[in-house]
Amino acid sequence: MSALGNTDMTATKPAAVEVRGLAKHYGSVIALQDVNIKIEAGEYFVLLGPSGGGKTTLLRTIGGFHKPTKGAVLLHGQDVSHLPPDKRPTSMVFQSYALFPHMNVLQNVGYGLKVAGLSKRDNQDKSAAALELVGLTGFESRKPHELSGGQQQRVQLARAMVLERDILLLDEPLAALDAQLRKDMCLELKHLQEKVGITFIHVTHNQEEAMTVADRIALIASGELVEHGNARDIYRAPDRTFTASFVGENNMMSGAVTDVSGDKVTVTVNDTVVHVDRRDKAVSTGEKVSLSIRSELTRMTLDPDDAQVQSGHALTGSYREAVYLGLTTSHLVDVGTGHDLVCRVVDDLDVLPQKDQPVTLYWRAGDLRLHTQ
Amino acid sequence: MSEISGGMIPAATYKASLMERSSGWIFYVPIVFMILFFAIPMALTVVFSFFERTMFWMEPGFSLKAYENFFFSARLKNFLSSMYYSLIAVVICFILGFPIAVFLRRSVPQVAQHRVILLFILPFMVSEIIRIFALRPVLQRNGLINTALQNLGIIDEPLTILIYSHTGVIIGEVLSFLPFIVFAGFLAMEAVPKYIFEVCDDIGAGPFARFRDVILPLAAPGIFAGSVFIFVNGIGVALLPNILGGPGAVNAGLIATQAIAALDFPLAMAISAIMMLTLMGLLYIGHRIFDLTKILAPIN
Amino acid sequence: MNDYDNIWGHRAKWAYLLLIVFVLMSPVFYVMYISFNLNGFGAARYVFTWKWYGMIFSDQLLMQALRWTMTLAVMTTIVTVPFALLAAKLYKISEQKLLIVFLMLAPLFVAPDILGSALLVFFKNLNGSFKSLGVLLGTDMFDAWFRLSFLTAWIGLVIYTIPYAFIVILITMGRFRTEQTEAARACGASGWRAFWDIEFPQIRAGVFSACSFTVILCFNEYTRTSLLKGGFDTFTTVLVSQMLNEGMSEQSYAMSSFMSFVAIAFIGGIILYTLVRSEALAREARAKAEPIMST
Chain A
302 MSALGNTDMT
312 ATKPAAVEVR
322 GLAKHYGSVI
332 ALQDVNIKIE
342 AGEYFVLLGP
352 SGGGKTTLLR
362 TIGGFHKPTK
372 GAVLLHGQDV
382 SHLPPDKRPT
392 SMVFQSYALF
402 PHMNVLQNVG
412 YGLKVAGLSK
422 RDNQDKSAAA
432 LELVGLTGFE
442 SRKPHELSGG
452 QQQRVQLARA
462 MVLERDILLL
472 DEPLAALDAQ
482 LRKDMCLELK
492 HLQEKVGITF
502 IHVTHNQEEA
512 MTVADRIALI
522 ASGELVEHGN
532 ARDIYRAPDR
542 TFTASFVGEN
552 NMMSGAVTDV
562 SGDKVTVTVN
572 DTVVHVDRRD
582 KAVSTGEKVS
592 LSIRSELTRM
602 TLDPDDAQVQ
612 SGHALTGSYR
622 EAVYLGLTTS
632 HLVDVGTGHD
642 LVCRVVDDLD
652 VLPQKDQPVT
662 LYWRAGDLRL
672 HTQ
Chain B
1148 MSEISGGMIP
1158 AATYKASLME
1168 RSSGWIFYVP
1178 IVFMILFFAI
1188 PMALTVVFSF
1198 FERTMFWMEP
1208 GFSLKAYENF
1218 FFSARLKNFL
1228 SSMYYSLIAV
1238 VICFILGFPI
1248 AVFLRRSVPQ
1258 VAQHRVILLF
1268 ILPFMVSEII
1278 RIFALRPVLQ
1288 RNGLINTALQ
1298 NLGIIDEPLT
1308 ILIYSHTGVI
1318 IGEVLSFLPF
1328 IVFAGFLAME
1338 AVPKYIFEVC
1348 DDIGAGPFAR
1358 FRDVILPLAA
1368 PGIFAGSVFI
1378 FVNGIGVALL
1388 PNILGGPGAV
1398 NAGLIATQAI
1408 AALDFPLAMA
1418 ISAIMMLTLM
1428 GLLYIGHRIF
1438 DLTKILAPIN
Chain C
383 MNDYDNIWGH
393 RAKWAYLLLI
403 VFVLMSPVFY
413 VMYISFNLNG
423 FGAARYVFTW
433 KWYGMIFSDQ
443 LLMQALRWTM
453 TLAVMTTIVT
463 VPFALLAAKL
473 YKISEQKLLI
483 VFLMLAPLFV
493 APDILGSALL
503 VFFKNLNGSF
513 KSLGVLLGTD
523 MFDAWFRLSF
533 LTAWIGLVIY
543 TIPYAFIVIL
553 ITMGRFRTEQ
563 TEAARACGAS
573 GWRAFWDIEF
583 PQIRAGVFSA
593 CSFTVILCFN
603 EYTRTSLLKG
613 GFDTFTTVLV
623 SQMLNEGMSE
633 QSYAMSSFMS
643 FVAIAFIGGI
653 ILYTLVRSEA
663 LAREARAKAE
673 PIMST
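Residue numbers (this note's numbering), protein chains in the order written: chain A, 302 to 674; chain B, 1148 to 1447; chain C, 383 to 677.
In case anyone wonders, no lab produced these hints; they're calculated from the structure.
There's no promise every hint is true.
Stated by the list, open to error - Chain A regions said to be covered by chain C (calculated; three or more residues, Cβ under 8 Å): (1) 399–408; (2) 475–485; (3) 555–563.
Where a beta carbon is used, it is the ideal one built from N, C-alpha and C, also for glycine.
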């Protein structure tokens, strides 16, 4: 759980974007349910989540493409829920196919300025400046179909940024690009945002993308805001079960609480007793809880008497297989919970364990995390 | 340029402009128009068919005379037989035209497909009355076909069944409506993915089996719609039996226009009502079997 | 067509296709052939002449009918195409798609004589009702609103042509991506502005086709117009009355051929144009469908 910045200023400037109690229904389908978020000016904010989970709906509602069923959208403190997209101080970058095919690059970029009534001269100057910002000087007279995917997205960026609005919405802007290009453009987006200083709200289902660019991340799934906070906290200290299962590679387990004393909670996982820190969560004996631990913090040993193994912070199982990924190797171990746990290491093991060989997975006390929701 | 600086939004724009809010209604104008001038008149044919006939017009009332006139006379027999012949025409159109649609979709490159479709639109650029009427000198006793066949020595006596007969009407129908089967088939074949043909080749399915088991079920909604179109127009276009049919040849359309000419409006309405209900029945059955909404899938 | 297909089978199918087109067009060609004959239709000797074409313009009956038809065609297009556009937009947004499609396409499935008869009786009754209303209110301004006239023929033609225009426009709009309108809105354009600046230029070809198609359909339509028009003559009614009585006049043959020439030239022009530009168009289509995603 993360705090939301300054709490002790009495005359605070309103957040750039605020969503209050937002709900969006399509007939009986609930796309969004009671979402509350505050996004500060100048932040790079990412809406992360599985496909169909509601993050795009949320973005589009902020942009004015959907009308909220309940709740409100406030931009710079003003309720804009009833305003159409053209009347909001937002601009938007789409996933693909959003450049106007019958106009060239310069005309595309300058379209918003034309609608606003700028003189041709000013329009051209500003558009050229925007193109320079995204590194596409010289492409002015090309048509969209003469550009590659990455170039098209840059033109979209230029078109959105030339309007000099405070809030830029990006709807899975990199989803259609090849993996390597995506990585490069991620960094470019981050640098662009730092340079221009406006608020970016970026939707993606790709974790790596989210972690690269975000100041803060909000996890949206099944129409709900699951958790939000800065990237580090979301990764290292997930609060909810879903967060742990979605972000990073976490080993998930479940069990029943057998004892709560102070900050220490005892859980039985598949007949094994495990200890975990409570960290101010409300939990009672007998409750079913989830546990997670990052696969890179999970260690493996073939020696059951290994000194590093602490009782209550280990599980035994049988070895399944290794997945070699170059940088890392994932060792899969069956501990009887239904799905294999993963021990992820950077170094190669010269001698791999045999299949079905008994192994012990262990971890440092404090690395295991408790989830009650 | 404060509007584009992205700062606080002026209060005046908080209320969406009147244009935006009220502009939704205009989209319903065509629908209202169609209801007023199409759906309602068609529905009223049923009402009017029960009216009583007067000298020059008709009088509101409830009388079954018009239906009596239709069902208990030669008209019913003619109506049914025209349905029968129209059905034959539909089948012929299908056999002649559907393979063209399949060929187009399968073997002709995308861009060229639309050019060929244009070729089939060409006949429509000419009025159907001209096309039908121009068949007379072709099919007549001393017309083009007979002269050619006789000169080639294929026949001795001229064929008289080509015109002023049911055959003539069928020929006229096929020539008038064949393009529609090509269009309907073309649209319908959009539902059949190209790889089907490769898969069938791979598993050794012959063309007939392929047609029966794969193409037909997938393309059925479109084929059905095209067939209904041809069928209904076949029994409804008065000109066809008028110009090409034998003595006393009539179809529903001709009965209706003859009734109007004779100022028997309830009868005309009765025919219209029967036709309309026949059509609705066909479409309903088709929808239940094929789910006709699939026709528009490629357009979505 | 893949590398393994039989080339002769392919050619045979093409030949069949073109044969069918030729057979379909043969009555038209025959009419053209007759129109050049000095001795008119059915005469034993054939003498080539342009005479009848020249005489088209002096045939008052024909010219008058043509004028009426032209007016009807233009007026119909002015109503039909915008209606088709609005209905297509509604279709895209609405949830009751089936109802909209049914209403818009149903006239296709109603035979012309039936539609004409139904509308005729409807209008006469409507006219009568309006008259009675006028009598009730003591005025005669309602008297002739729906008598059989230009207005009724116009309405009938709109009903007839709307399904065709609707289909053409739906198909054209089908290729248009809604992201474009949204992007335009995000740039600050209002709904109407976004349509005019962004959508219309891309569906222009379809709108133009719908207009041409509608005009041609109006020129060729006979049954509904004849039933609904009231006192004036249209091109097709003149032709039919001639056909059924003394046979078509030579000028009529010439006129029909002329119309056919125009229509064929129009379609032929489109075919040639796309043929010439087919390579460039295909390249563009490929680039639009699959842009390179690695740079």
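Against the structure, the hints:
Only residues whose beta carbon comes within less than 8 Å of a beta carbon in chain C count, and the stretch 399–408 of chain A has 5; three or more means the coverage holds. Coverage of the stretch 475–485 of chain A by chain C holds in this model, with 5 residues showing a Cβ closer than 8 Å to a Cβ of that chain against a need of three. For the stretch 555–563 of chain A, the stated coverage by chain C is violated: 0 residues have a C-beta nearer than 8 Å to a C-beta of that chain, whereas at least 3 were required.
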